Amino acid sequence: MTSQKENSIHNLWKAKRLDEDIFYRWQAGPLIIWLKKLDEDWLIAEERVEDYLTISPYEEYKETPDNLDWKRFVFKKGFKEIILTPCMADRPFVVTPNVPWIILEGIQAKCFINIPLWVKISLVRGKEKHELIRIPSKILSNTWFGDTFQGELCYAISTMAVQHFNELVIEPLRAVCLFKIENKKKSMLPVKKICVRPNFFNIYQADEVLWTSEVKVISMEEDKPSQLEYSKKAPSNACNSILIHEADENPGKSFFGDTFVKLSMNIVKRYF
Amino acid sequence: MNLTNIYSPDMLIIGLRIFILLIIGMPVIIIFSRFLKKILTHHFNAHIGILFQKAVFIFGVTLIIITILYELGYNLSAILGAAGIASVAIGFAAQTSLSNIISGIFLYWERPFQVSDIIRVGDTTGTVLTIDLLSIKLRTFDNLFIRIPNETIIKGQVTTVTRYPIRRMDINIGVAYKEDIENIMRILKDVAKCNPYSLDEPEPIVVFKDFAESSLLFMLGLWFEKSQFLDLKNSIMRDIKNRFDKEGVEIPFPHISLYSGSATEPFPISIVNQKK
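Residue numbers (the numbering used here), protein chains in the order written: chain A, 1 to 272; chain B, 1001 to 1276.
Don't take every hint at face value.
Cβ pair distances, simulated, as ranges [claimed, not checked]: (1) A:147 / B:1142: 29 to 37 Å; (2) B:1101 / A:70: 37 to 45 Å; (3) B:1034 / A:19: 55 to 63 Å.
Keep in mind that the hints were calculated from the coordinates and are not lab data.
Bear in mind the structure is a predicted one, so any value in this text is a computation, not a measurement.
Ideal Cβ positions, reconstructed from N, Cα and C, are used throughout, including at glycine.
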C-alpha cells in the first residue's frame, strides 16, 4: 500500500525511471495515464474517471484495462526516465464570475479562477528533454468568445471565478489564477464573463496548490482595447513557490491586441 | 504552295525569328503569369490570383500567335476583317460562354465565396477548388469533381457554408404525446450542455415547434465551430437517444388511431368464418 507521503502532489511531477514490461498507472484527480516502456518504444494511454482528489503517482501493474486506446512513440535508445509536468491548454478559457460584477470607476477588483491543466509527458536524460504529448485533464466544453461574425473558439470553465481563495476547491490538476481588473475609465465596468489566455502563464507549485502567473487587466477607455499584464513571478499568495512550467509564449511587459479587444468587448459590452 | 521557298534564306531567317519568339516568349509569359498569381494571391486572394494569371497567359499567347502570323507574311488587316465577321457568327454561337464570362466578372467583384470555401448550389455541396472565367469547380465530400457554370451561380441561390466561424445545427426531435413538455425541454438543454462540441455561448436553444401527426415536435438548435460539424452531429444524436432511453422518453413512430365514431366506445368487431 502506498503511503500518504508517496501520494503527495510533489511526487506527481518528479522524473521516474521506467522498467521494461511493467505497466505504470499515474493518477491525478480525474486523469489516469498508463505508461509502458518497450526497448525504444514508449506506450501511453489515458482514461478519465469521476474523481477529483486522488493522487497516485506511478503505481506498478501487470495488466491494464482492456478498453485503453494506446499511443506508441518510437524514440532513440538511451532514454529511461519519463517526466510528467503540468502545462496549459491549447486554447483560451472563458470563465463566469459567481455573481456578475460591476466595478466602479478608479477601483481595482480581484478574483481567483481555478484553471484546468493539461499534462505534458517528456522523456529525460540528464538535461536533455523531449516532449512526447500533451493530455487534457478533462474534456472541456467549447464556447465562443466574440459575436457570430468573428471571435475565437475557447474552452468554457464550469467552475466560477470567486472573490476569496478559500472559496475554491483545490484539486491536483487545477491551478489557481489571481486575476485583477482595474477600471481606469470614467464609467463603471460591468463584468459578466472573463477570457483567460493560458499560453502566457507560468505554473508554480506552493505546498499542495498549483498557481499560475498573476494577470492584471487595466480597462482604460470605453470601447478601446484594455491593457493586459502577465506577471513573471508567482502571486504573493503562493509562499515558497517553485516554477514547474514556463509559459509557452512570452507576453512581454504588457500588451494590447486582438486578444484584448475581445476581452474588452466581452467585459465592457455586456450590460445587464 | 512552292516547297522550294521554304528552304530559302529569307524563310530560314523568319523561321529562326519565330523559333526565338517561342523559346523566349512562352517562358516569359508563363513565368510572368505565375509571378503575378503569387503576388496577387499574397496581397488579395487566390481567386484574383488565378483570374489574372489566366488573363495574362491568354493575352500573351494571342500576342505571340499574331506576331507569328505577321512574320509569316499574312495580311493581318484581312485576318482582322475576317475575324470581325467571324466574331459576329461566333458571338451568336458563344452566347452562353459570354454570359458565363460576364457572370465570372460579377462573381469576382461580388466575391460571395473564395477558393477553399464550402458552398451549396442547389443539391450540390462541396469545397471550391477554382473560380475560373467560365465556371467554378467543386470537390464534393464523396470526392466527385463538379463544374458549375458561372451563369448558374449568378442566377441561382448560393449558400456559403463556411462564411462565418460558427454555425447553428437545428435538429428536429419528435416525442410521444404522453411526455411532459417541460421535462423534454430540460433534458434537451442538459444534453446540449454536456456535449463538448456544442458551444456554451451562444447558448443552445430549444423550441417546442409543433403538434405533429404522431409526435410533439421540438427543435434543438446548437451552435458549433464550423470545422466540428461531423463531431457534433454524430455525438449529439447518440447523446439524445441514450438520454431519452435513460429517462424513459418515448420516440414515437408514425401511427394512426381509429375510432368508431366516439373516443370512449369500443370498436365493434365481428368474427367471420368462425369454426363451428
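For each hint, the structure was consulted:
1. Against the hinted window of 29 to 37 Å, the Cβ-Cβ separation of residue 147 (chain A) and residue 1142 (chain B) comes to about 34 Å, which satisfies the hint.
2. Separated by about 57 Å at the C-beta atoms, residue 1101 (chain B) and residue 70 (chain A) break the suggested range of 37 to 45 Å.
3. For the pair residue 1034 (chain B) and residue 19 (chain A), the supplied restraint of 55 to 63 Å holds, since their beta-carbon distance comes to about 58 Å.
Comparing the model with each earlier hint shows a violation of hint 2 alone; every other hint is respected.
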